[in-house]
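**Student:** Can you join these two chains into the complex? Each is in its own frame, and there are hints to help.
Chains as they are written, first to last, in UniProt numbering: chain A, 1 to 511; chain B, 1 to 249.
The reader is advised that the hints may include incorrect statements.
Said to hold, decoys possible - Dumping the calculated DSSO-like pairs for lysine-lysine here, alpha-carbon to alpha-carbon at most 30 Å:
hint, chain 1, residue 1, chain 2, residue 2
1, A, 200, B, 108
2, B, 73, A, 40
3, B, 73, B, 89
4, B, 95, B, 73
5, B, 89, B, 108
6, A, 112, B, 22
Hints in this document: simulated from the structure, not taken from any laboratory.
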Amino acid sequence: MSGTGGHDHSGGATVKERADLALNNDFLRKAVKFTTERLKNGKLKAMEEHGNWEEWRERGKQIRLHTIAHLDYYLNQFTENARANGVHVHFADTAEEAVHISLSIAERKQAKSVVKSKSMVTEELHLNHALESIDVEAVETDLGEYIIQLAGETPSHIIIPAIHKNRYQIADLLSEDAGEKLEPDTSILAGYVRRKLRQKFLEADIGMTGCNFAIAETGSMVLFENEGNARMVTTVPRTQITLMGMERIIPSWSDLEVMATLLPRSATGQKLTVYMSGITGPRRSEDADGPDEMHIIIVDNGRSLQLGDPEFQELLNCIRCGACLNACPVYRHIGGHAYGGTYSGPIGAVLTPSLQKNVAEWDDIANASSLCGACYEACPVKIPLHEMLIYLRRRKIEAGHGDKIEAAGMKGFATVMSKSGRFNAVLKLGKFGQKLVARRGEIRIKVGPLKGWNSYRVTPSLPKKSFRDQWGTLEAEIRGGLQEMAPDVKSRMERIVKERANGAGGHGHGH
Amino acid sequence: MDTNAKTHQQWLQEMEAESRSKQTRFINGISEKLRRPMVSEPPRHPYRGAPDFWNAYEWSEEERIENFTSNFKSAGGHVERLATMDDAKRFITEKARSLSAKYVIRNKQPELDALKLESELPDARVSVWNEETTAGEGPLYWKARAAEADIGIVMADYAAAYTGSITVRSSKDKGRSVSLLPTVLIAIIPLERLKTRLGEIMVHFDEGGRENLPAGIHFISGPSRSADIENDLTIGVHGPGVVYALIVG
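So that you can see chain B by itself, here it is in the shape it has in the complex (with noise of 0.2 Å):
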């Protein structure tokens, strides 16, 4: 095994070499077809980003929960509007009741620890992302997890109501496979994490800049769906089937 894996680091290395003569190459063609010397200098970028006029475009905050709400209802999801985190407990320990759950997964994060969920419903298995076990647990085992549960509960870091969309950074606590594999997925979105526009999303990964993004940013803008056949809906193709975005505060 351990010499394997020397093999394969050496021939990764070997393979990085070889990139990096291919690239001087491959870049220079580039600058020489566009017929002068390569640039080093970052270029002017007087286009970067949405105009102007999208950039002062903003909601208020009941807009931004009435066009999430229809945006993402039209996508096929759901969405419930919440006064406190103990309403959105009630909600999704009976949906998980109604819906007989037997597998549940979620995320490590503090909100979600104070739901409790794990002793709200004892005849379900509630598993929590990447939680610490005495036998040091390894992908395999939480993609596993992920892939047999019924429901997934996430928080949302961000939403765009202006497109009915919710953003999910992963981490070592916050799996992708828990608002990817499980059946049903419950989102919770606390209310002054929803934004009108998109960019006021991304303009977060632009400042964190390179090293402070995570593996895998996703957006969600309800259930999986395909056209594929005749041009005929069909929700629930590999992702989720069911969505529940639940707008608390």
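Looking at chain A on its own, in the form it has when it is part of the complex (with noise of 0.2 Å):
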């Protein structure tokens, strides 16, 4: 089911052509839009009632900051502690390590059916479709995971997984599953998924969930969720399996409400979710609900390859609000799918790949992107994933993986772009990546960023400014919204070009 991954929607191998399926399907393009911009909307308007924003964007950003600086010390104290809490906990370095581990338990307690409330991390692992290869049943209990489950689809949308169907869509795959036809109503159609799902987790063996953050002094670990699945899956059933991206530490309670107080109004205005559960071990011996066996398993599965990288490490600060989807304006135009990786917008163009060694097989999805800041802007933790982008495309292109996959992914992206009005800003900033590529006061590699883009467009010619000559006008021109560049960030990226000038040679890439 979307245990099959991305390859249901690799029918072309290139951003471009995935991008353009995308395109043709009109209603992917209109319900991505206004989705993304209602969640805009209600973030901006949460942000601006709450107050204060930017300091609790840079507190939020020191506590992931300092909590990966010392991620040893703090996942190990998280150990010790779920130990203590009667959890049993696993280490897995691949995905093919999570899943047998998940696999061993299952066997184990000869589980027939596992519910499981959202999870990018299992997406991650395909584990469903494991699930089924050992003939356990595995069901998502979120209501739009649901339905894509059914449609043997991947989620869109980190928080709206669904975002690409409309209700005759889903009548139709609910009515199917049914047995009997469903009118496309808003609320028959989750009475029915309600009616439905009661039966399976009441039913179900195993429980299965993700986890939004784990508290390393108490062991806890702590979930986020509007429907109630995610509390359903880890009440009733008597064994809980809870998968953990290793970077998801927090200290503290206390940090968590700095959490709290970001996650929630970043990803869809709210000023809290309607549940936030903190679950600390399992059932105590005298309660009389909760799991009386509870596994958490923390996974690497690519996660250490950006620990140590200072162009990337900041991507493990990353909360998954999915605020930099809403704010990409190439996400809205062609939606989740387009990237072809189990994370989307620009936190998935940036992640995937970095989640994956092989350079030769970097999507090229480092390429749609308007490098025009919004998601930096966007993001409730300041990760600059526009700076990530550039340096995926440098790194790209000195690995020698930049002519083809970069002519035709820009290419088709100028297709996408060409109709934003964003375009003149885009290739001005493209410069500005020409200029991280460029050494010594010269292009180095002669297929630089806006190769595929000079072929479709004519782009103006670029004079030869100093860097600092440069900063103010780029700083006016393109940022646009961008009203004023972190201090910290701005001198990152004069540093790194002042390295070039003075030949420092690489950064940090190659791993």
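**Tutor:** See below:
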């Protein structure tokens, strides 16, 4: 089902081909635009209402930076405390290992069915597919996830996974599931899913969840959700398995207040999700509900590749809110499936290749970005995604994988961007991208990020100005909505260019 | 059964031994990537928790009531401001009668015991969570009682006005299912437990430490909801679709 990963949407080999698919689907475009607009406006309203947003963002960033900088300490602390709570903790270097551990538990428990709440990590692992291979039914219980599981598809948005389906398509899917005709009315459809899944919750042997945050000092795991399915999954079945990316840690409950302030507001504009649950171990012996046995599987699966890499370490700060998707003009045009990986939007564009070591297989998705900085501006923990997109392009080109991918991707993408009105700004920022590629005053690599675009559109000549001279103009012209670049980001960018000028050479690429 | 249980314990022990040896490699791998030896002393965390200006933020009692009410309502919940527990009792019994509730489940808390709902609602079967019965009922029995219930009734441990949230902690006498499985949830919030910020609640969990935490802590900010079908708001997807917060005091 959804465990088949991106294969259902990989009909095209390049973003261009997939983007054309997406652009042909008029409904998808409208739905994505409408939803992202709604979520984005919700976020803007929530930010304004809450006030001091910059200070909260900065605090969120600092907490994440601090935790990741001491990840060994905090992960160890979390593990010891979770064990003391009675949790069985496991470690998985790879997706295969995480799947193997999950299946061992399911087999040991002679499980027939698993109910799952939304988890991007299990999507990453294609766990549903693996469970079905040993005849364990895996049921997604988030309304949107259930719908796309029936459709045999993958999520197209991190927060609203079935964003690409209309209610007629949903009514058809659910009618088939129900064996009777269901009217395309939201409350009828949701009512059917409530009844159907209520049975599944009560029958299931195992409840499986992801993890929004793990609190090191108390060994607790925290879930944010609106429907109540994550609570069902962690309350009703006798065994709970939680899959957790190794970077999900925060030190304390006090730090959770900051995350609880940033995450729901950034994701949906809510002050808090309907449910926020902190689960600290299996049920106590005297309790009458909660799981008898609880497992937490801590997953690396490429995350540690970003550790110690000055250009990409901050990716580990991500709290998976989806705000960058909603802010991204590209995502809003092409939708999530065009990205072809588990994670879509600006975060997916950077995360997907970063989780894979092989540069040659890096997708051309890094090119599907306008580099406008809207993602950075939207990010509640200030991850400089737009800079990372430039680093990615540079690394790819340096590794000699620039030519054909750049050409196809950028050309295809120009079709999209020519309509967006941001095209000029994009071209101008492209100059900046070239600046980063340039070394010792010359563009050593002949295939620049604008190569594909050059053949499609006429690129204005690039006047040779010093970085400092250009900075103010770039700042004013390109960033547009970005009032001010954070001083640390700015100084880092300047430093990188300066190092280049001094012939400082490589910048941590190649892992 | 006995031998099965034993082999399962053995299996868990084997898994743990494996996990512990893996842990060392896993954590060392992280230290290596961070290019320094493993840190064993707690690192100084200068940015712990919310910014200072926020920790000083506090509303008056009236502001807390007002804001809790408007936040909870805008999330689709209902709020009643009541003077006494007698009023709460009246509200609950009237609600149960008007909804023709057949099954009610409540937590086993002294404040709820005092409402004597069992005798006030003779037409409904009122279950008391994890109450000792001669049959010695287990988790399956109690989850079934919650799943069939029309109304679940709980005392809130805390509430936060700023986000419109009710906090419930699980225990022997306080089921997680009681606030989750019934169609309607009624939560009583004694006024003195209504705080301004989430942080005023979370600080207790840090201070009490791991050993004093229950298995489940749940913040509830309205009825279960979803916008997964065409962005159309649906209420009561998996959890209770109708939620009453009764502020008493």
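**Student:** Decide, hint by hint, whether the structure agrees.
**Tutor:** Against the structure, the hints:
At most 30 Å may separate the alpha-carbon atoms for a hinted pair to count; residue 200 of chain A and residue 108 of chain B meet this at roughly 28 Å. Only pairs whose Cα atoms come within 30 Å are accepted, and residue 73 of chain B paired with residue 40 of chain A is accepted, the gap being roughly 22 Å. At roughly 22 Å between alpha-carbon atoms, residue 73 of chain B and residue 89 of chain B fall within 30 Å of each other, so this suggested pair holds. Distance hint between residue 95 of chain B and residue 73 of chain B is fulfilled; the C-alpha atoms sit about 18 Å from each other, no more than 30 Å.
Distance check on the hinted pair: residue 89 of chain B and residue 108 of chain B sit about 15 Å apart at the alpha-carbon level, within 30 Å; holds. Distance hint between residue 112 of chain A and residue 22 of chain B is fulfilled; the C-alpha atoms sit about 29 Å from each other, no more than 30 Å.
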